[in-house]
Amino acid sequence: MAKHHVTTTVNADPVEFLCTPEQTLLDVLRDVLYLTGSKEGCGSGDCGACSVILDGRLVCSCLVLGVEAQGRSVETIEGMASGDELHPLQQKFLEHAALQCGVCTPGFLVAAKALLDRNPDPTETEVRYWLAGNLCRCTGYDKIVRAVLDAANVMRRS
Amino acid sequence: MNDVPMQALTERKLKIVGTRPLRPDGVDKVTGRAKFGADIHLPNMLIGKVLRSPHAHARIRSIDTSKARALHGVKAVITAADFTDLPSEFIPAGEMMVNYRDMTRNILAREKALYEGHAVAAVAATTEAIAAQALKLIEVDYEVLPHVMDVAQAMEPDAPLLHENMYTIGVEPTPAKPSNIAKRVEFSLGDIAAGFAQADVIVEREFTTKPVHQGYIEPHACLASVSEDGQAELWCTTQGQFVVRSFCAKLLGMELSKLRVTASEIGGGFGGKTVVYLEPLALALSRQACQPVKMVMSRTEVFQASGPTSGAKVWVKIGATRAGRITAADALLKYQAGAFQGSPVQPGCMCAFAPYDLDNVRVIGYDVVVNRPKVAAYRAPGAPISEFAVESVIDELAQRLKLDPIELRLKNAAKEGTRAAYGPKFGPIGLVQTLEAARAHAHYRAPLKANQGRGVASGFWFNIGGETCATLNLGEDGTVTLVAGTPDIGGSRASLAMMAAEELGIPLENVRPVIGDTGTLGYTFLTGGSRVTFSSGMAVVEAARSVVRQLRERAAKIWEIPLESVIWEDGCARALTGEGGKPKELPLAEIAKSAGKTGGPIVGNAAISAQGAGPSLATHLVDVEVDRETGKITILRYTAIQDAGRAVHPSYVEGQMQGGAVQGIGWALNEEYIYDQNGRLENPGFLDYRIPVCSDVPMIDTVIVEAPNPRHPYGVRGVGETPIVPPMAAIANAVEHAIGIRFTELPMSPPRVLKAIDDKQAVQA
Amino acid sequence: MVLSGTLKELAGGAAQIEIEAGNVRQLLRALGERYPALAPHLDDGYAIAIDGQIFQDAWFAPIGPDSEVHLVPAIRGG
Chain A
0 MAKHHVTTTV NADPVEFLCT PEQTLLDVLR DVLYLTGSKE GCGSGDCGAC SVILDGRLVC
60 SCLVLGVEAQ GRSVETIEGM ASGDELHPLQ QKFLEHAALQ CGVCTPGFLV AAKALLDRNP
120 DPTETEVRYW LAGNLCRCTG YDKIVRAVLD AANVMRRS
Chain B
0 MNDVPMQALT ERKLKIVGTR PLRPDGVDKV TGRAKFGADI HLPNMLIGKV LRSPHAHARI
60 RSIDTSKARA LHGVKAVITA ADFTDLPSEF IPAGEMMVNY RDMTRNILAR EKALYEGHAV
120 AAVAATTEAI AAQALKLIEV DYEVLPHVMD VAQAMEPDAP LLHENMYTIG VEPTPAKPSN
180 IAKRVEFSLG DIAAGFAQAD VIVEREFTTK PVHQGYIEPH ACLASVSEDG QAELWCTTQG
240 QFVVRSFCAK LLGMELSKLR VTASEIGGGF GGKTVVYLEP LALALSRQAC QPVKMVMSRT
300 EVFQASGPTS GAKVWVKIGA TRAGRITAAD ALLKYQAGAF QGSPVQPGCM CAFAPYDLDN
360 VRVIGYDVVV NRPKVAAYRA PGAPISEFAV ESVIDELAQR LKLDPIELRL KNAAKEGTRA
420 AYGPKFGPIG LVQTLEAARA HAHYRAPLKA NQGRGVASGF WFNIGGETCA TLNLGEDGTV
480 TLVAGTPDIG GSRASLAMMA AEELGIPLEN VRPVIGDTGT LGYTFLTGGS RVTFSSGMAV
540 VEAARSVVRQ LRERAAKIWE IPLESVIWED GCARALTGEG GKPKELPLAE IAKSAGKTGG
600 PIVGNAAISA QGAGPSLATH LVDVEVDRET GKITILRYTA IQDAGRAVHP SYVEGQMQGG
660 AVQGIGWALN EEYIYDQNGR LENPGFLDYR IPVCSDVPMI DTVIVEAPNP RHPYGVRGVG
720 ETPIVPPMAA IANAVEHAIG IRFTELPMSP PRVLKAIDDK QAVQA
Chain C
0 MVLSGTLKEL AGGAAQIEIE AGNVRQLLRA LGERYPALAP HLDDGYAIAI DGQIFQDAWF
60 APIGPDSEVH LVPAIRGG
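Line by line, the protein sequences are chains A, B and C.
Taken in order, the first sequence gives residues 0 to 157; the numbers are from numbering that gives the first Met the number 0.
Taken in order, the second sequence gives residues 0 to 764; the numbers are from numbering that gives the first Met the number 0.
Taken in order, the third sequence gives residues 0 to 77; the numbers are from numbering that gives the first Met the number 0.
Derived from the structure by calculation, the hints contain no laboratory data.
You may find that some hints are simply not true.
Simulated coverage check for chain B against chain A, where a stretch passes if three residues somewhere in it have a Cβ under 8 Å from a Cβ of chain A [stated by the list, open to error]: (1) 186-199; (2) 210-218; (3) 221-231; (4) 241-254; (5) 265-273; (6) 614-624.
Calculated lysine-lysine pairs in the DSSO-like style (CA-CA distance at most 30 Å, straight line) [claimed, not checked]: (7) 592(B) with 556(B); (8) 7(C) with 754(B); (9) 448(B) with 596(B); (10) 754(B) with 631(B); (11) 316(B) with 249(B); (12) 596(B) with 583(B); (13) 135(B) with 66(B); (14) 209(B) with 2(A); (15) 596(B) with 316(B); (16) 176(B) with 209(B); (17) 66(B) with 2(A); (18) 448(B) with 66(B); (19) 631(B) with 401(B); (20) 414(B) with 12(B); (21) 34(B) with 2(A); (22) 12(B) with 34(B); (23) 596(B) with 631(B); (24) 7(C) with 316(B); (25) 401(B) with 759(B); (26) 414(B) with 7(C); (27) 424(B) with 7(C).
Where is the CB? At the ideal position from N, CA and C, for every residue including glycine.
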């Protein structure tokens with residue numbers, strides 16, 4: 000099957016790749032670009048471990064085709080820190096011990112960033128419902144929610 | 000390691016243990032840098048895929064792989080014929096008794112396919128698409144057989160038989176006919192007939208629970224690379240790289256030393272990654288192709304073919320005096336093992352009444368096979384099921400006796416010296432502390448509204464020790480590399496490094512923990528049984544104390560004074576001399592710098608078989624609200640109280656309590672496998688196999704009590720598993736208090752709740 | 000040494016027995032010799048509780064002259 004040539008932007012860098020029509024954006028990120036921070040937990044858009052931001056919108060990259068990235072901008076977990084400075088969300092996840100095994104963490108961080116980009120002062124309920132698309136089996140969500148609320152606090156003050 | 004006197008445990012001033020530093024591997028995890036099972040790529044890598052049975056029960060008459068082999072791009076094809084059939088014997092594999100005959104058949108079906116999703120063949124090809132195409136070209140001739148999915152039905156004499164050679168063990172005399180009942184076990188103390196005769200009130204109930212999956216977000220994944228000379232490397236997501244090595248070496252007929260297994264970061268296990276599925280297949284394919292083979296399960300495959308825990312039927316009868324003293328307790332447990340024997344019915348029996356001090360108790364259990372995936376361990380295996388039943392009956396007993404449920408438990412609580420139903424007496428345990436903390440907690444007094452109810456339940460799990468190695472390597476700049484053998488599922492690298500830093504008296508940042516592969520460290524049993532902080536901790540402490548002794552020896556030589564005159568304090572060797580002037584002091588970094596000249600590298604090794612793990616007891620409180628229109632149960636408030644012995648890193652202890660509680664909430668309210676009449680799974684995905692999401696649960700409040708375990712240098716007892724034991728009963732009890740309906744069948748999903756509410760209203764009308 | 004349940008039945012109903020052994024390995028050997036029906040089960044993954052402390056895979060754990068010993072099914076965990 001002939002591959003498509005795609006030109007796109009990933010974490011603010013221009014990127015080109017080849018992919019088959021049925022490869023998902025998640026497949027491309029992980030197996031073509033070797034950006035393995037986004038994870039496949041289900042392949043059907045139910046777990047959120049593959050969350051990325053596409054043209055400013057939170058999506059499950061397993062539900063987006065690789066070819067759909069053409070001309071768009073993709074933000075993944077790998078682009079969240081600036082140099083050696085962690086994003087406040089990343090820092091707060093560490094401080095609050097909001098991760099145990101860590102496999103869902105990239106998805107949560109990207110999703111939480113998408114939330115705070117549009118709602119800098121969410122309530123606990125708003126945080127919980129926004130993150131309902133990200134599954135975590137280890138933490139019971141408590142420390143994750145605390146970390147997001149704390150990060151929101153820090154980001155509002157700066 | 001000798002018992003630590005209790006005084007020493009509670010009085011010792013600790014600088015690092017008990018605090019909440021950032022975990023050393025944290026940055027990699029929040030940046031996506033950490034490498035999990037499927038995150039590795041090797042040059043020349045092939046993709047492996049598995050062909051699975053579409054039938055719940057079928058004889059395999061033949062498998063024709065010729066067309067698949069002929070497909071361009073296919074480099075290897077395997078079936079059971081490529082594996083040696085191993086005899087039915089239980090062999091220690093490290094610490095576990097393993098039936099290799101069953102394991103050989105579970106990884107690839109031989110005579111029969113025993114569940115939908117049972118692996119039948121596997122291929123490796125240059126692309127995933129070609130591998131998928133190759134699977135379609137494999138022709139399997141199945142003779143479909145009647146199947147059985149339910150434990151009670153499987154025990155009937157005319158049930159479809161899964162294994163022609165299964166004769167129930169533990170029954171005298173051995174049955175003449177084979178059946179689906181693999182084993183019968185019994186535990187007893189005293190005389191239950193006499194005990195029930197003394198009871199003023201007796202409650203008897205039967206319960207049904209369903210299989211639930213561990214639900215790890217990361218599917219099984221591995222990458223195997225076998226060289227032309229038979230040496231092999233395996234990268235896999237696992238709770239135990241040494242156990243994987245044992246299993247795979249046996250299955251493939253390899254020497255242990257030829258197989259080097261590296262544990263990737265693991266995206267959740269909970270017991271489900273203590274067994275092998277893809278790993279032996281990937282190795283066999285790689286051996287055929289002489290190229291690396293990567294295999295990853297899809298979520299559908301995870302649900303169809305990897306172990307859930309048992310579903311069960313549990314009958315419980317408890318009798319007590321009017322004053323609230325339990326006089327007799329009796330239980331019958333029937334657990335499904337899936338397609339091969341080995342449900343956790345034994346620990347289920349042993350834990351059922353463990354929180355209670357009983358003179359007369361009997362528990363009988365049956366291990367029963369059915370046409371479902373083979374069961375695997377799931378957090379406190381067997382205990383959540385039996386204790387759900389017992390804790391529900393205790394609650395009902397409290398109501399009948401008009402006693403507060405915590406009071407009833409306190410009147411009968413197991414303590415140090417209590418004899419367990421399975422024989423031995425307990426050492427120090429913290430159940431009473433958790434009950435008293437529950438009773439005193441603000442949660443217990445908070446007001447409730449209509450359709451709201453509060454439930455209490457306690458829980459018990461043993462915890463284990465086991466073979467464990469650890470190495471501390473001192474660098475010439477005084478920083479330390481800690482090599483541990485237990486994969487880090489929940490943040491244990493932090494607590495291990497903390498214990499090392501505490502012993503050495505150096506800052507935590509100077510200790511770098513790494514998880515060693517099978518080539519770099521001595522045999523270490525898997526991460527499980529809540530054993531890592533206990534066992535690896537014990538090994539790390541022993542290794543650290545060895546390093547401290549070596550540091551003192553070097554200082555003694557440098558100062559030319561006897562060893563006894565040198566102490567280790569605040570990360571420095573100090574001389575206990577009576578001379579006037581400044582006391583002599585050599586910090587660790589100084590001694591490390593000259594180590595090459597004072598005797599060579601300073602390394603601490605520990606290789607232990609950790610014994611003396613203490614049980615962890617818990618009491619949970621939950622408030623629920625029941626919506627009578629929809630049948631939805633909402634968790635309003637949850638408090639988990641547990642004895643940790645000593646919380647080395649309290650945040651990660653809390654994390655275990657919260658995570659286990661929420662898994663229990665899912666088990667109680669939504670999770671179950673739904674099969675059609677052909678034995679095919681209808682909900683093999685996270686949409687319809689509904690685990691709790693963020694909006695389903697409130698904050699999970701935690702209280703850590705500490706009844707130190709004298710067998711561990713810091714008093715640690717394992718905490719990881721106990722938290723999943725109380726939630727189901729706590730919630731069922733809360734629901735009963737909210738709407739007056741006791742649910743004895745799980746899950747308490749909205750359709751079931753609504754039906755029960757409607758039925759009750761119809762009866763009352 | 001205390002036997003219960005399934006093991007008790009295989010030992011002909013004996014619930015409490017006196018047996019000479021200095022460590023776990025000696026005990027298992029002596030037990031298998033006295034009750035041959037028990038012998039095949041002793042390999043089946045049993046831990047030993049000596050005066051309340053559970054030992055898994057510890058052939059040479061010492062048993063004192065008046066120790067109370069139980070056979071307990073080996074526990075794995077998840």
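Hinted pair residue 592(B) and residue 556(B), Cα distance within 30 Å: With a Cα-Cα distance of about 15 Å, the restraint between residue 592(B) and residue 556(B) holds, given a limit of 30 Å.
Pairwise hint evaluation, residue 34(B) against residue 12(B), where the allowed Cα distance is 30 Å at most: Between residue 12(B) and residue 34(B) the Cα gap is close to 37 Å, so the pair fails against 30 Å, i.e. violated.
Given hint residue 583(B) paired with residue 596(B) - CA-CA distance at most 30 Å: holds, 20 Å
Holds or violated: residue 448(B) to residue 66(B), with C-alpha atoms at most 30 Å apart: The hint is violated at about 67 Å.
Distance restraint between residue 414(B) and residue 7(C), which requires alpha-carbon spacing of 30 Å or less: Holds. Residue 414(B) to residue 7(C) sits at ~26 Å (cutoff 30 Å).
Straight-line alpha-carbon gap residue 754(B) to residue 631(B), limit 30 Å: Satisfied, since the Cα-Cα distance of roughly 12 Å is no more than 30 Å.
Pair hint residue 424(B) and residue 7(C), alpha-carbon separation not exceeding 30 Å: holds, 19 Å
Given coverage of the stretch 210-218 of chain B by chain A, tested with a Cβ cutoff of 8 Å and a minimum of 3 residues: holds (count 6)
Satisfaction of hint between residue 316(B) and residue 7(C), Cα-Cα up to 30 Å: holds, 23 Å
Whether chain A covers the stretch 221-231 of chain B (at least 3 residues having a Cβ closer than 8 Å to its Cβ atoms): violated (count 0)
Residue 209(B) paired with residue 2(A) [C-alpha distance capped at 30 Å]: Violated, because 46 Å separates the two Cα atoms, which is more than 30 Å.
Residue 176(B) paired with residue 209(B) [C-alpha distance capped at 30 Å]: Given pair residue 176(B), residue 209(B) holds - Cα atoms ~28 Å apart, limit 30 Å.
Consistency with the previously given hints fails for numbers 1, 3, 4, 6, 8, 9, 11, 14, 15, 18, 22 and 23, ordered from lowest to highest.
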